[in-house]
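Engineer: The primary structure of each chain is shown beneath.
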Amino acid sequence: MDLKLGADELNTCVQCGLCLPHCPTYRVTGDETMSPRGRIKLMREVQLEDAPVTDEVIDAFATCVQCRGCEPACPSGVPYGHLMEQTRETLADAGQMTPVWLRAAMKPLSQPKLLAAGTAALGVAKKVGLVPDRLGLGAADIPLRQEPLPTTGTDVYLFTGCVMDTMQRDVHRAGLDVLTAAGFGVTPTGAEAPCCGALQAHAGLTDETRGLAEKMMRSLEPERPIIVDSAGCGAAMKEYGHLLGTEEARVFSGRVFDIQEFLADHVDKLPTVEPLDLRVAVQDPCHLRHVQRVHEATRVVLRPFVRELVELDDDGLCCGAGGAYSILQPELAGQIRERKLGSIDRATPDVVASANPGCSLHLGAAGVDTIHPMELVAKAIRT
Amino acid sequence: MYRYAKLRNRVTRTFGMGADEVAADPFIADLVAALSPDRVKSDGAHRALLSHDASVFDGGNSGPVVFPETTAEVAAVMAAAQTHGRNVVPRGAGTGLAGGAIPLGVPVVVAVTKMDEIHEIDTDNGIAWVGPGVVNLDLTKRLGPLGYHFAPDPSSQQVCTIGGNVANNSGGPHCLAYGVTNAHILAMEVVLPSGEVVMLGGLDAEPAGYDLRGAFVGSEGTLGITTKIAVRITKNRPEVRTLLLSFDSVTDAANTVSGVIAAGIVPAAMEVMDQRITVAVENYVNAGYPRDAAAVLLAEVDGLAAGVDLDAERIAEIGRENGATNVKLAGSDEERALLWKGRKTAFGAIAQLAPDYYLHDTVVPRSKLAEVLQQTYDIAERHDLVIMNVFHAGDGNLHPLILFDARDEGVLERVHAAGAEIITASLDAGGVLSGEHGIGVEKQKFMDRMFSSDDLDHQNRLRQAFDPGCRTNPGKVIPTGHSCADIQSLRSIPKEVWA
Ligand SMILES: Cc1cc2nc3c(=O)[nH]c(=O)nc-3n(C[C@H](O)[C@H](O)[C@H](O)COP(=O)(O)OP(=O)(O)OC[C@H]3O[C@@H](n4cnc5c(N)ncnc54)[C@H](O)[C@@H]3O)c2cc1C
Ligand code: SF4
Ligand code: SF4
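Taken in order, these protein sequences are the chains called A and B.
Under this note's numbering, the first residue of the first sequence is numbered 1, with each subsequent residue one higher.
Under this note's numbering, the first residue of the second sequence is numbered 1, with each subsequent residue one higher.
For the record, the hints were derived by calculation from the structure and aren't laboratory data.
Here a beta-carbon is modelled for each residue, glycine too, at the ideal position from N, C-alpha and C.
There's no promise every hint is true.
[To be verified] Computed from the model, here is a short list of chain B residues facing chain A with C-beta under 7 Å: (1) Asp43; (2) Thr95; (3) Gln158; (4) Thr345; (5) Gly348; (6) Ala349; (7) Ala351; (8) Ser452.
[Stated by the list, open to error] Heads up, incomplete: computed chain A residues facing chain B, CB under 10 Å, no partners named: (9) Asp8; (10) Gln15; (11) Cys16; (12) Thr29; (13) Asp31; (14) Glu32; (15) Ser35; (16) Lys41; (17) Thr54; (18) Val78; (19) His82; (20) Gln86; (21) Leu276.
Let the hints inform the model, and build the full structure from the sequences given.
Structural biologist: The structure is reproduced here in structure tokens:
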């Protein structure tokens, strides 16, 4: 079957295997079908040799977290993320992947009212113990009511997104405070730009993603930098250029900055304050480290505001959250998280700083004290 | 590399078929009983993927794939294979370059990747007991805070397993001073083809009896499966100096290497890369490698501060005497790490230049380095091929790398012909067949250039002492005519076996 993969992209892999240890699913299974090298080879078997798309083949693709840890590890520059997104798109179109219920579940993400209602309902449900543990939401706090975010100026946009907006408005507030403290007037995007399309892109729902990207591009004023405090959303928005293939989209992607990335160039503008008395471990979300590759910025921004920064010893291996992954592949997500927990234990931090809501939720559900780096900085500045 | 494989062998035939046959196979039933259903895989996807390793060779045909977690499970798999008269192939991370893990004769593939526990670290005696699936670099990372590391450091160390290192007696840049894997293995628990579990070697300085441990190291999976390994751990080096020397010709670099050794200096590592490969590497790592030098020499010395500074100065001097155009000392640990990252990912970085490559591995006497290198360039030119050289210069271990695009008509014949000439040139210069990648299926046909007929028969006898039925990784290392296996028929699929 033609997976519609580019012949050259598919061919860059020399099957050396150097990516294997950077793949969370290979790490926990030791199984070649759950490795980047194996998945690429299966794509080739299917596209070039017309191998049948068996359950095992689907399973190999479906178990990929799309963390893209394999990309920076690959000396040949194999564009794995694109290959996997295209594979999923083709298989989803053919009805062989991404079940209907998942497509339905993603609808509310792009419709703020529905989502707000959904999260509120989830919040209530959780309070009365209705949410099954397999959703991994056990320890997360789902707020029932929300204060709106103020606009402090028009220098930059702060992207507030969908899941993030309703579940983690405190993070936006912290980001807004820190940006403002650095002298930037901030406009929260709010309902104008409801959804970045990251989860849809991962599920292979490329048409939906394109629609959302176009909508977002239309609704935001040109030229203003767009600051994003969720690593997954930032990564998706930086890919619009590739996704839509237009010059306009590429220019738009060029305006997107992760909030840590943006502030790393302006730390000197932030006030000098007493650092928080905390030992903080930095957990790099995959979409910050492997996709945007700006994870060093988190350290630059955090360093002046906490007593001690510690690194985890797993070379940025994924935590297993991966968008909807922890819900779709609970068993593997759990095993991958176990590895991360071991690494966190060895680092003995007071708190773990993570710049992605998915990671925070996933680690939080296992009892890890997580906080967004911006909340730490905001706290240090406020006190 | 991929299409190259495809041209000769179509894996599709094994794909997604035979579910009923598989279910009915009593061998599978025994494997499932010995392990658990989720750790015995007989679907087409698994078998297609595990029919390959990182080499350009194919013709592999995997039977069921098992993922044991304990020695007892490996023994049970061996016993079941014995009962059913089936072949067995051990497999680590599948990064071998000589085709050692390619399954011939539809064997059960025993992937030991789940046996990745570091059982014990004993710094008092400098020993660690590890599972065969432990990744080389993981052990070094775990030892780091204790002030130790595992010395063999193949360029694939971030992914290859210690079991694979043992089987291939692998080397790495720093084996110049510390010795290859063999020097770091004290004892091994081994499951013999009969299913019996034995201990080879021992922790005493002079274990009694024949050195069967030594026979097993480098046996490429043909004598049994190692399930637990006692490795020597090495104290971290107090001081390290890393030099990067640039040259106008590969010959100048090679002469510098000979000069350093002749001066009585024993560097921890000496690695040479020619211009093409240096540029590819620099594009990937941005470590500060010069793009305009015809060759670079990466030299490292370690030891006490006073000594390393002196040695570093001497090496710089010898380099300049041999025409070095630039000598740079790595200023920080980060810089050093980046330079090494470049060297260690060199082969992978090649894909920027061509979709396929064939990496060779031969050893020549150091004094002949410059001469044989020039021959490799000449051979490539004669065959209208592009060749690059990157090598462990300190021990004369060459890695000529031929670039090609398998889509070009007739290119494979030229690649193979050039390869054979390179091997011949190395042997003629008084060298040997393989520095570290092993023989596997790659160099079998050259074995009789190195060994007499008697030698080969004796090697086969040693093998049969361990594996009388010739069922463990059959068809590897020992060539047709001397091998206990009928290599030709291993490549076809016996009628009675589903595949
Ligand atoms: C990019 C790259 C760079 C490389 N650089 C180097 C280098 O610098 N130096 C070097 O020496 N090699 C190098 N290699 C080759 C390869 O990495 C080594 O040979 C390595 O030791 C193989 O380990 P593995 O775990 O991948 O073994 P595999 O490829 O899985 O197996 C190799 C052989 O070992 C046998 N085997 C595996 N496990 C066991 C076991 N438990 N018991 C018995 N037999 C077993 C297999 O049957 C097979 O014959 C490189 C390879 C690549 C792809
Ligand atoms: S994806 Fe890259 S690192 Fe992985 S096997 Fe292919 S070429 Fe090697
Ligand atoms: S994206 Fe992540 S899970 Fe998927 S193959 Fe790459 S490293 Fe593995």
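Engineer: Should the interface hint for Ser35 (chain A) be scored as holding, given a Cβ-Cβ cut-off of 10 Å against chain B?
Structural biologist: holds (8 Å)
Engineer: Do the numbers back the hint for Ala351 (chain B), that is, is its least Cβ distance to chain A under 7 Å?
Structural biologist: holds (3 Å)
Engineer: Let's test the interface hint: is any C-beta of chain B closer than 10 Å to that of Thr29 (chain A)?
Structural biologist: holds (8 Å)
Engineer: Restraint: Cys16 (chain A) near chain B, CB-CB cut 10 Å. Satisfied or not?
Structural biologist: OK, holds: Cys16 (chain A) within 10 Å of chain B, min 5 Å.
Engineer: For the hint on Glu32 (chain A), just tell me whether its beta-carbon gets within less than 10 Å of chain B.
Structural biologist: Given a least distance of 5 Å, the restraint on Glu32 (chain A) holds.
Engineer: Quick check on the hint: Asp8 (chain A) CB to chain B CB, less than 10 Å?
Structural biologist: Hint holds; Asp8 (chain A) Cβ to chain B Cβ min 8 Å, cut 10 Å.
Engineer: Using Cβ atoms only, decide whether Thr95 (chain B) comes closer than 7 Å to chain A, and label the hint accordingly.
Structural biologist: holds (5 Å)
Engineer: Does Gly348 (chain B) meet its interface restraint, that is, does its C-beta lie within less than 7 Å of any C-beta in chain A?
Structural biologist: holds (3 Å)
Engineer: Going by Cβ atoms only, is Leu276 (chain A) closer than 10 Å to chain B?
Structural biologist: violated (27 Å)
Engineer: Any CB of chain A closer than 7 Å to the CB of Asp43 (chain B)?
Structural biologist: For Asp43 (chain B), the interface hint holds, since the closest Cβ of chain A sits about 4 Å away, which is under 7 Å.
Engineer: Does the CB of Gln158 (chain B) sit less than 7 Å away from some CB of chain A?
Structural biologist: Since the shortest Cβ distance to chain A is 5 Å, the answer is holds.
Engineer: Let's test the interface hint: is any C-beta of chain A closer than 7 Å to that of Ser452 (chain B)?
Structural biologist: violated (36 Å)
Hints 8, 19, 20, 21 from the earlier list are contradicted by this structure; the remaining hints agree with it.
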